[in-house]
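Number of protein chains: 2
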Amino acid sequence: MRFLHTADWHIGKKLHGYDLLEEQADAFQQIIGIAKTEKVDAIVVAGDLYDRSVPSVEAIEVFNRMIVEMNLQEKFPVLAISGNHDSSTRLETGGPWFVQSNFHLNTRLDQAFEPVEMNDTQFFLLPYFEPISARLYFANEEIRTIEQGMKLVIEEMKNRFKPDMAHVLISHFFVAGSEKTDSETTLMVGGLDTVPLSLLEEFDYVALGHLHGKNALQAPNARYSGSPLKFSLSEMNQQKGVWIVETSHQETTFEFREITPLRDVVQIEGSFKELIAPDFYESIDREAYLHIQLTDRAVIPNMMNQLRQVYPRVIGVERLYGREQQKQKHEPKKEIKTLVPTELVGRFFSDVTGETLTKKQQIWLAENFETIHQEERGK
Amino acid sequence: MRFLHTADWHIGKKLHGYDLLEEQADAFQQIIGIAKTEKVDAIVVAGDLYDRSVPSVEAIEVFNRMIVEMNLQEKFPVLAISGNHDSSTRLETGGPWFVQSNFHLNTRLDQAFEPVEMNDTQFFLLPYFEPISARLYFANEEIRTIEQGMKLVIEEMKNRFKPDMAHVLISHFFVAGSEKTDSETTLMVGGLDTVPLSLLEEFDYVALGHLHGKNALQAPNARYSGSPLKFSLSEMNQQKGVWIVETSHQETTFEFREITPLRDVVQIEGSFKELIAPDFYESIDREAYLHIQLTDRAVIPNMMNQLRQVYPRVIGVERLYGREQQKQKHEPKKEIKTLVPTELVGRFFSDVTGETLTKKQQIWLAENFETIHQEERGK
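For the record, the sequence lines run as chains F and X. First residue of the first sequence? That's 91 in our numbering, and the numbers climb one at a time after it. First residue of the second sequence? That's 91 in our numbering, and the numbers climb one at a time after it.
The set of hints was computed from the structure by calculation and includes no laboratory data. Errors might be hidden in some of the hints.
If several chains are the same, the list does not tell them apart, and a pair holds so long as it fits within one copy or across any two.
[What the hints assert, rightly or not] With a cut-off of at most 25 Å between alpha-carbon atoms, the simulated SDA-like pairs for lysine to any residue come out as follows:
1) 449 x 357
2) 252 x 209
3) 129 x 164
4) 450 x 460
5) 363 x 387
6) 165 x 201
7) 165 x 192
8) 427 x 454
Quick caveat: nothing in here was measured; it's all calculated off a predicted structure.
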């Protein structure tokens with residue numbers, strides 16, 4: 091059995107306010123391309139299909155197109171689970187029909203114990219669950235943590251193991267010993283939500299979702315696929331991609347296949363003057379999501395607007411050596427109370443832009459304050 | 091071809107704050123029962139499956155169970171469209187898989203021109219659409235109203251008519267000449283969103299959704315099914331149910347089958363004393379959703395709480411003959427400004443409940459105001 095392992099699509103996620111739907115659609119096309127080239131028998135998606143429990147209409151449109159293409163057009167069997175970012179109920183709609191074309195989308199704990207058998211392999215599709223679900227399913231009030239729940243879950247799965255088949259677990263949890271980045275914020279690390287690796291050792295392969303780096307866990311039989319895209323600056327240096335896994339009763343192997351982002355997440359460093367010089371910006375990928383490390387200490391009027399004219403996707407600006415205190419050109423603070431509103435606005439304008447209001451702007455401002463005053467008096 | 095015509099399920103709708111999911115599940119069971127008894131070949135649902143574009147998780151759970159039972163368990167072919175209350179994109183998920191088991195759920199205008207053929211009948215499933223969708227589909231900037239759009243839509247459908255078959259339109263609009271109640275608030279009546287009946291005359295049957303009364307439109311070839319439940323007081327006297335339609339190339343007939351609500355919407359009238367007397371309330375259905383018409387004019391302290399002890403589902407209280415002005419027991423209004431907060435709360439309490447604060451309540455109140463003052467000073 092040969093399958094592709096991906097996870098953490100987070101369809102609809104934004105990166106510092108920038109919509110990633112185009113990048114996500116592109117990464118998806120690469121995943122389909124890899125699946126075809128590698129002639130896999132199935133595609134595994136280990137949770138967090140959406141970024142939010144109530145995704146936007148735009149995110150739903152993109153996701154709907156993806157699953158139609160993957161399963162109905164390209165005819166790949168799909169083995170998927172809901173993650174902690176998904177609403178299991180919202181994702182459940184259609185599930186009972188999906189199975190007609192070998193699209194298995196598990197959203198409830200009770201579904202995890204009916205393995206999907208393909209070729210020589212049993213797949214156990216365990217969606218993300220809270221301890222309360224295990225408490226109800228096993229009718230066991232003692233279950234307070236994910237680890238306690240997982241012990242019983244794994245036991246019940248082992249009862250269904252067919253000895254002459256390979257056994258794969260598809261799951262969405264934090265496994266003890268894994269390394270975390272900044273963009274997986276919802277689950278606790280090393281706390282109540284942690285699953286010990288030892289619990290998983292009887293599986294031939296554990297296809298994990300939740301952590302966004304492919305190297306987050308190094309185990310003989312378990313991998314996080316990581317997300318198809320970089321979702322935060324902390325993932326800047328991660329190579330994104332998918333695992334191609336080959337299972338058999340005797341041996342399981344897996345290899346990584348890279349995904350190249352449509353627009354990368356990149357950090358650049360320099361003085362403001364250097365960064366806005368064509369020599370520099372023509373030498374780099376200006377379309378990338380850029381985190382800028384500025385070496386200047388001086389105050390730079392209208393800085394963000396100027397940077398964005400050169401770099402359309404600035405996700406952050408950091409002053410490497412701090413910033414000079416702005417010179418006190420004006421009266422000390424307590425005198426601000428004595429200024430009339432037009433003077434206050436004028437001062438704010440020059441603080442921000444480094445320019446002063448024109449005569450025309452001053453007149454417009456005065457007229458508008460007058461209108462406001464009149465309306466106030468009229469009440 | 092024999093089918094059941096229903097519409098306007100509005101799953102998740104509340105009636106004056108009361109959740110109707112239990113009533114909706116019960117009405118659905120009656121619909122399934124009628125479909126079985128009448129041995130229909132299909133079930134038609136003419137839009138407004140949900141009450142809101144983003145339904146609650148509870149509403150989705152109920153709806154998912156309904157469609158699984160109707161189509162996968164009871165094996166009824168289903169012909170459904172989205173209505174103006176539905177989010178077409180959110181409803182679309184799963185649609186391409188649903189058709190594998192004869193569940194046709196159209197949510198986009200372009201799907202309306204691929205009729206579903208069953209037995210001797212062509213079904214055109216036209217979801218609710220805005221003029222902008224017709225403008226884009228027909229690449230015609232002139233289309234500003236639903237009527238203009240519908241003309242082109244119907245023309246295009248007629249081009250697909252097979253002359254030896256019956257032709258049924260499933261649609262969700264306000265048809266000119268129909269009668270409206272209070273609970274269909276979103277579309278305009280008789281304005282830009284109105285479709286003239288004459289446009290529909292070449293269909294053997296038009297299965298309409300949108301208006302909640304089965305008698306809203308009297309036409310030889312068109313009916314609103316109405317909602318399965320009463321969704322407002324104005325629907326109090328409507329008989330709810332579904333149409334059983336029999337189409338053939340020669341003749342089309344339709345008959346109404348009633349649904350009995352789990353809890354009815356009822357209006358009762360009497361004095362407060364009469365209404366809370368066992369003689370009266372034991373003679374009526376206390377579990378119904380009740381609109382109460384009070385004949386008293388006197389102020390009745392703590393009225394709603396007393397009524398709700400007898401009638402658990404009061405959806406409104408109306409004073410048939412107005413209400414006496416409450417006697418001015420207290421100082422005139424302008425003196426209120428001089429009262430301290432504890433006095434103000436005490437007065438409000440006795441105005442509303444007709445009782446005075448106990449000593450214990452007064453102490454509790456004073457202590458809490460003191461805490462608030464301290465916190466305010468601490469800021």
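Results of checking the hints against the structure:
1. For a Cα distance limit of 25 Å, the shortest separation of residue 449 from residue 357 qualifies neither inside one copy, at 41 Å, nor across copies, at 68 Å.
2. Taking identical chains as interchangeable, the C-alpha atoms of residue 252 and residue 209 lie at most 25 Å apart only when both belong to the same chain, with a minimum of 13 Å there against 46 Å between chains.
3. For a Cα distance limit of 25 Å, the shortest separation of residue 129 from residue 164 inside one copy, 12 Å, qualifies, whereas the shortest one across copies, 38 Å, does not.
4. In this assembly of identical chains, the alpha carbons of residue 450 and residue 460 lie at most 25 Å apart only when taken from the same copy (16 Å versus 54 Å across copies).
5. For a Cα distance limit of 25 Å, the shortest separation of residue 363 from residue 387 inside one copy, 12 Å, qualifies, whereas the shortest one across copies, 81 Å, does not.
6. In this homomeric assembly, residue 165 and residue 201 come within 25 Å of each other (Cα to Cα) both inside a single copy, at 23 Å, and across copies, at 23 Å.
7. In the homo-oligomer, the alpha carbons of residue 165 and residue 192 lie at most 25 Å apart both inside one protomer (9 Å) and across protomers (20 Å), since each shortest distance falls under that limit.
8. Taking the shortest Cα distances, residue 427 and residue 454 sit within 25 Å of each other inside one copy (23 Å), while across copies they are farther apart (42 Å).
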